[in-house]
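Colleague: Given the coordinates of chain L, work out where chain R should sit on it, guided by the hints.
As a plain string of letters, each chain reads:
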Amino acid sequence: MKKYLIASGLALLAASAIGAEQITSLSPSGRTEIELFNKAGAAQSVKTIPAIEISFPVNVQASESGFLKVNVEGKTYWLKSTQVRIQRDVVASCAAAAERAERVGSTPGLAGNSCK
Amino acid sequence: MDRIYGKLSKCCKIPRFERGVSVGQFMTALVISFLVLSLLSFSMLWVGDKINKKNLAITRYMATSQAPLTGKFYNNAGQKQITVLTYDQQFLRETANSWPISYGQHADWILRLVEDENIRPKAIFLDVTFTQKRDDPSVDQLLSGLCKAKKEFGVDIYLAALASPKDGRLHVRSDLEQGVGAGCFELVGVNYAPDPVDRMAWDYPMHSHVGANGWTSNLPTQDEPVLTSAALAIANGSAGLQAPKVDDSLALVWGIINEQPAENKPDLFGYCRYGDMSMFRLLPGVIRGVFTGEDTRPICPYNLTYSVAQLATLPEQQLSDALKNRFVLIGAVVPGQNDLIDSPVHGTIPGVYLHAMALDNLLTFGNSFKRSTNWDFPPSKELLAAGLLSVFIVLIVHVIWRSLTHLAFGRGSEPKEASFEKLEVHQRIIYLIPEVMNWLARIAIQTTVTMFCVVWLQKYFSIGMLPVVELVGMTILAEMFGYASKVEKFFKPPTIPKLR
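For the record, the sequence lines run as chains L and R. Just remember that our numbering sits 509 ahead of the position in the first sequence, which is counted from 1. Just remember that our numbering sits 2 ahead of the position in the second sequence, which is counted from 1.
In isolation and in its complexed conformation, chain L is listed as follows (with noise of 0.2 Å):
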């Protein structure tokens, strides 16, 4: 019963969440559980569950320090992008020379990305 919330929960999602990117699989595919933290950078998860409770593919709402924003269960949760395989649509925001790295004559501050 509580895998087919779960699946249904995060099924509802993909059809709901604005982002293009998708959670396809755990990573590596042998990865049998992943966990769930309640922030961004959390360093302790709140939560773990069973890869084969998930219904594949999921959404991503949000992303933001290297983690993935996604709704399980009705809850928000976050998890590490390093645990899953993702499929982005997302184009390159940056000119392909842009990319290309270059001297300056300065010294950067924090700061966020460039190509936002």
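There may be inaccurate statements among the hints.
[Said to hold, decoys possible] Cβ-to-Cβ under 10 Å is the rule here; a few derived chain L residues that face chain R:
#1 G575
#2 K589
#3 S590
[Said to hold, decoys possible] Residues of chain R clear of chain L, computed beta-carbon distances all greater than 12 Å:
#4 A109
#5 P198
#6 G239
#7 L406
#8 A446
#9 V451
These are calculated hints, taken from the structure and not from any lab test. We treat Cβ as the ideally placed atom computed from N, Cα and C, and that holds for glycine.
Modeller: Chain R alone, transformed into the frame defined by chain L:
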């Protein structure tokens, strides 16, 4: 006196194979021409160096043309064992991150690599220096992640570190450095010194130390700690190389042909093209530019490269091919960070490729890696032999060219100076066109053949060919200025004007 002048002038003229010239005469002329050309080349190199080191930029132009050619024939044994992963704009964008990422994320990605036995690398080098303390509680996660990677999964971990001027030893932040004592990872040196003339990365330091004048790329003369560079540490520690502790730097051979499938290349490679094996490269750049519509984009780095972000998107089989049992070097390519080097083949590229290429050289050549040398006095026997052989090749090509043009066009191809003076202007122009074409063709062929020979020499000599190319650059320059005819003129009997 006239007789002596006459004999000398004949001797110093570039010989050619023709009827009426005895073997003895030919050999004498050849030996003297060789001695004069060698002496002239060395003198030009020495004077250029004394007057202004930047004069060597002329020869470095030739060296940067030579390097891609050598790279084309570089064995790809090392390339199959190395993969570069980059924290780049693609990574920051796709994981919604900003730089620097947390220590915990470094740990997560390293564990992502080692936990999966299908992609588990042989060794990981993290080319990010965690020297300064910053307020990030996940530093413990990094330490435990690195220890887990080494102790639980048996993957050798190498961490970039900077040498402290206080004790001359490599350090990272103190709470992380506990991992060294616990045997979790090894700290490795990442300093390097660009070439003083053209700022290119021709050499890679093997051992270094911090002396009175700061970091120096050789072994200490006193009891300062010896710093081992990243590539050497990985080659010795994880690839079974037992390189002797020598003072020499590694003369880098930069590879060109990157066979990474284009459809899976990282966004980082969007600006560049893959190097190819076009034989047009044998032509000197100036001539090649006229006759071929070459793609002018820079050549992509040599090593198989993926953005760290691609670890989450590539098919598992492809990840396995790219990472399993390989040496994985992880570097950062972040806008505003100047971790960049200049390769003579690829232009400005991220610093992690310096270590990757040095490791590639060590895996390819083993203990016979190319040693960096220069024209110190006295030069090494190997360098002298390679240099003189190259000068001789330039001369021999000239001799063959001269003999062939003589055979093809006969004596008429070289009119006497006196008869040239009698020609009208238009006749002079008509005469000069083939003369100039002949000169251009000869220089082009001399350059091409010599460049090809340097590739061959690189294979058999265990030294870097940069100083040899410098010498040959001067030899070609002497040939361009027609040194032989000037020497010949010098030995000709002086003409004393008659009094009327």
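Colleague: Sort out which numbered hints this structure fails and list those numbers smallest first.
Modeller: 4
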